[in-house]
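Peer 1: So you can see what is in the structure, the chains are spelled out below.
Number of protein chains: 2
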Amino acid sequence: MDPNIYQNEYFSSYDDLEVHRLMLEDHPRTLAYKNAIMNNKSYFKDKIVMDVGCGTGILSIFCAQAGAKKVYAVEASNVGNLAREIIKENKFEDVIEVIHGNVEDIILPDNIKVDAIVSEWMGFYLLHEGMLDSILIARDKFLKVNGEMFPESATIYISPCSVPSLYKNWEDCHGVTMTSMAKQLRASKYNKPEIMIIKEEDILGFEEVPLCWINLKEDTISEVDSFSIEHVVGAKKDGMYQGLCLWFDCVFPDLTKKNENVRLDTGPDSPPTHWKQTVILLPEEQLVEVGDPIAFQLDMTRDAINRRRYNIQVSLLDPDEAEHPLPCTCDLTKCLLIKAYMQQHPEPASKTEQMETNCLQEDPIDDDDV
Amino acid sequence: MDPNIYQNEYFSSYDDLEVHRLMLEDHPRTLAYKNAIMNNKSYFKDKIVMDVGCGTGILSIFCAQAGAKKVYAVEASNVGNLAREIIKENKFEDVIEVIHGNVEDIILPDNIKVDAIVSEWMGFYLLHEGMLDSILIARDKFLKVNGEMFPESATIYISPCSVPSLYKNWEDCHGVTMTSMAKQLRASKYNKPEIMIIKEEDILGFEEVPLCWINLKEDTISEVDSFSIEHVVGAKKDGMYQGLCLWFDCVFPDLTKKNENVRLDTGPDSPPTHWKQTVILLPEEQLVEVGDPIAFQLDMTRDAINRRRYNIQVSLLDPDEAEHPLPCTCDLTKCLLIKAYMQQHPEPASKTEQMETNCLQEDPIDDDDV
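Line order of the protein sequences matches chains A and B.
So the first sequence is numbered by full-length UniProt numbering: it starts at 1 and just counts up by one.
So the second sequence is numbered by full-length UniProt numbering: it starts at 1 and just counts up by one.
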């Protein structure tokens, strides 16, 4: 199969204005970029910036407003023409240059290098669409040594959750029980992740479990080919365990060291964004009680044919056999004892670091879809 | 062109469970039916009811809960199988009989007639999808003389409005002017009505203008072929006149005479429903000041080929030449004088009735889409 098929589909979907509208009207998203850029005005002054996949050009304009001397706004789809108009409307046509093409193919005059790369490349559960590759290629091709990436890091989180909109809500729909409806709805959703809003109250895990931490300044494309985690988390309350909820956050640099790093968080306890959350629905729901260990393995791996797509595979593990983290949030006697011991003998940080390293496994894994 | 093409498309789209989910989760909609039926419990007791286009069967179940002796739940799509399961789940399989077929084709045993027809047939701007025809056919085929229709009437309303989401909101998008974006967005929307939420504050007309009042108990199919109105309405405030907003309401019978009639209102001043509002965007926006006359003609007429589709044509009229209603809400001197005179010499009701009659024109009109 010709991978270019996917490439073309990918770019033509971006011509749809409504997609850009959705993104611009996603205020937590747009505002995070604006704040991240404006908080670093003293850094952006007179810098050369590249905006990869500029869309309507709003991030390029933020950079120009922050004082950038030159912005290369790279856009492969025809929306680049609209970006040119919007840039002119904002009187930045002398600062921002729209370049029509894939960032992989374009060249800059005099092989110029840029001080910073700004890009909104995140898809559902961070990696859907696989635009990250283009960002890493752009970095290696165009970013100066010690240049800055906006955002500079991203993390995918996982937590067990209830999914009332596919279960409980249908037990009483205005006085009518509709569990057959719910069953049929769920049946249509087992073979792919569902993009939906999960409320904070439906999160069951004591803690959010990081699947991976991506360092935009250093990671290579092969390092984002696959991620895998095996984990045990305690239930923070009684509830029905019906799915695994995935979300991500992105952190932007704070180069002035005056402000906190701006963080764009798409989790259930933050204002909703167009990314919502992603849910991997379990084939069977399970009743869990507070403190119960929930053990799972999640593998996310790039599709061999469509490299812009990731396959996600979830395995439910037996908590008695799975390896529990140190300390563990579950209430199994051994974990309670270890926790009590660790509280009496504090030994900071090292365990957390170890866990993060474990997340970045590169071993090949099954690429079956869920 | 074969009209069956549209017929098949029409029914297959209903197989999509997400559509039924959307409708069930539309609480103002579902609750209006529930209240309309439950408020008339004494009427429904031991009655025979038909639910036309029963979908998941919830309205049939409401009728059974209200005491109906028999409900024929007619559904042309495969969702009827799900309805059977849901009915069983609610233990009404002895009361409710799902009949798979078009209401136009089915026959009831012993040519039985029903006491009431319940149906949720309304589409965007009431008539989109054209399911009303099937309801009127079912009425003529199956309803007893003096039987009841739920709902029993429906009205389409029009008002001039502002559309900030396609104009003003783009003048300052987080500090960036994006009027080129807005222009391109609008360009994609001139050739068909746009389904969107209009806020009450964006309604410009002093009053909502009824395009048509449909009497479900009496009107014939040819009476709903086309509607036309020529009207002048005063602006209730200064604002940008950018579109005509259409919405509808439905009124249910109050057979106990104890309660008020339940009314399902999809207007901008009611809680939003999945029908939202429908906007016909004007080619050019106009500044209006409070009291300014806004004159327009709106024709809604059934498509000659796809009878489930209506074409809408709007003409902006010169307020000096258009005929103003009596009394008129605009501030032109003649209308202010007439209003003052009428307030001094009250003569109730007759003018309003005349206007409603005018709305039901049956003259053939151009069927160009807007």
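Hints are computed from structural coordinates only; laboratory data are not their basis.
No experiment lies behind these values; they were computed from the predicted model shown.
Just so you know, not all the hints are guaranteed correct.
Copies of the same chain look alike in the list, so a pair counts if it fits in one copy or across any two.
Claimed, not checked - Taking lysine-lysine pairs in the DSS-like style, the calculated list, with each CA pair at most 25 Å apart, reads: (1) Lys217 x Lys69; (2) Lys70 x Lys45; (3) Lys237 x Lys339; (4) Lys217 x Lys192; (5) Lys113 x Lys192; (6) Lys183 x Lys88; (7) Lys199 x Lys41; (8) Lys217 x Lys257; (9) Lys91 x Lys258; (10) Lys88 x Lys168; (11) Lys257 x Lys45; (12) Lys276 x Lys237; (13) Lys237 x Lys70; (14) Lys45 x Lys217; (15) Lys141 x Lys236; (16) Lys168 x Lys91; (17) Lys69 x Lys237; (18) Lys91 x Lys189.
Peer 1: All the hints need checking, so say for each whether the structure fits it.
Peer 2: Evaluated hints:
no.	hint	verdict
1	Lys217 x Lys69	within (22 Å within a copy, 71 Å between copies)
2	Lys70 x Lys45	within (10 Å within a copy, 77 Å between copies)
3	Lys237 x Lys339	within (19 Å within a copy, 66 Å between copies)
4	Lys217 x Lys192	neither (31 Å within a copy, 47 Å between copies)
5	Lys113 x Lys192	neither (41 Å within a copy, 47 Å between copies)
6	Lys183 x Lys88	between (53 Å within a copy, 15 Å between copies)
7	Lys199 x Lys41	neither (35 Å within a copy, 37 Å between copies)
8	Lys217 x Lys257	within (18 Å within a copy, 73 Å between copies)
9	Lys91 x Lys258	neither (30 Å within a copy, 66 Å between copies)
10	Lys88 x Lys168	between (52 Å within a copy, 19 Å between copies)
11	Lys257 x Lys45	within (16 Å within a copy, 74 Å between copies)
12	Lys276 x Lys237	within (23 Å within a copy, 38 Å between copies)
13	Lys237 x Lys70	neither (53 Å within a copy, 45 Å between copies)
14	Lys45 x Lys217	within (21 Å within a copy, 72 Å between copies)
15	Lys141 x Lys236	neither (46 Å within a copy, 59 Å between copies)
16	Lys168 x Lys91	between (53 Å within a copy, 19 Å between copies)
17	Lys69 x Lys237	neither (53 Å within a copy, 45 Å between copies)
18	Lys91 x Lys189	neither (47 Å within a copy, 28 Å between copies)
In this structure, the hints that do not hold are numbers 4, 5, 7, 9, 13, 15, 17 and 18, in rising order.
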